[in-house]
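Each residue of the sequence shown is one higher than the one before, starting from -10 at the first, in our numbering.
Because the hints were derived from the structure by calculation, they are not lab data.
Please read these numbers as outputs of a predicted model, since none were measured by experiment.
Careful, some of the hints might be misleading.
To be verified - In silico EDC-like cross-links for lysine to aspartate or glutamate, where the CA-CA straight-line distance does not exceed 16 Å:
hint : residue 1 : residue 2
1    : Lys9      : Glu171
2    : Lys245    : Glu114
3    : Lys175    : Asp15
4    : Lys13     : Glu132
5    : Lys14     : Glu171
6    : Lys174    : Asp15
7    : Lys10     : Glu114
8    : Lys245    : Glu132
9    : Lys245    : Glu136
10   : Lys78     : Asp15
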Amino acid sequence: MNRETQSIERKRHIPLWNSKKVVKKDILLIPAYIFCQSIIPIIVVFGTLGITAMITQHAPPDWFYNLSLSISFVLAQGLVLMLFFTLHKFYIASVARRQFKNAKKYVRQILIVVIITFVLMLLIEWLVQWLPASLRFGVTQYERRVEGLFLHPIALCFTFISMVILRPMIEQLIYRHIIIHELGKKWNKKIMIVISIVIESIVHTYDMASIFEIIPYLLIASGATYLYIRTGQNLAVAYLYQVGVQCFIFLEILSKVYIF
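Could you build all of it, start to finish, from the sequences and the hints given here?
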């Protein structure tokens, strides 16, 4: 019995992601994210609005829709992260602590790349105004999609949690960890890096009105990937970078909605 216990303990500390084999169970995160992000908002929004209308016998106010939608995104993303942590409950905590501890050494690099990315995004935003009318854009379609979450102050807290804290974490797991690190074991890693950047950019701009809308998201994805590779595949560094960029985007959209 003692031998079995020791064997289990040893397995718990095996550096799973350092092996040459693809950790196939991690790939479950992709369909889980698509499912949760698509279904949970429908259930939460229509469920809460329907129940409220039945109880009050009145149509719910506009702010209630925005609030329930923001909360649904937080719930969906939280469930996906819980799934990943459950799959690696004996290993993930120590890995996360180690990576965030190591990330302290790269704070300066993270800040520099965040600033460079945001400055380039502002430059692109200015340059596209000189393009022909059919190609220029003022606001990306992605920003138009999320603007509704900023219209009512009561929903801003959950919008911030979803947009700045949770989603960047899921994106690092999918685009950096699964596509680059895990699938890079099976196929050429350089090709998987390019595929990762392209897929991440397209996911944000699938409904773009101008082809140039993809450029800012290519920059963001490239910055995260650069730091990830540069720091020896440290997901925490890529995550902190993306949190910084998302903070800028959050504040930019907030200023457009409430100031300009």
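Verification of the hints:
1. The straight-line distance between the Cα atoms of lysine 9 and glutamate 171 is roughly 9 Å, inside the 16 Å bound, and the hint therefore holds.
2. Between lysine 245 and glutamate 114 the alpha-carbon distance is near 14 Å, which keeps this suggested pair within the 16 Å criterion.
3. For a cut-off of 16 Å, the pair hint linking lysine 175 to aspartate 15 stands: about 14 Å separates their Cα positions.
4. The straight-line distance between the Cα atoms of lysine 13 and glutamate 132 is roughly 34 Å, outside the 16 Å bound, and the hint therefore fails.
5. Under the criterion of a C-alpha separation no larger than 16 Å, the hint pairing lysine 14 with glutamate 171 is consistent with the structure, at around 11 Å.
6. Our distance criterion of 16 Å between C-alpha atoms is met by lysine 174 and aspartate 15, whose separation comes to about 13 Å.
7. Under the criterion of a C-alpha separation no larger than 16 Å, the hint pairing lysine 10 with glutamate 114 is inconsistent with the structure, at around 43 Å.
8. At most 16 Å may separate the alpha-carbon atoms for a hinted pair to count; lysine 245 and glutamate 132 meet this at roughly 10 Å.
9. At roughly 9 Å between alpha-carbon atoms, lysine 245 and glutamate 136 fall within 16 Å of each other, so this suggested pair holds.
10. Restraint check for lysine 78 and aspartate 15: satisfied, since their Cα atoms lie roughly 13 Å apart, inside the 16 Å limit.
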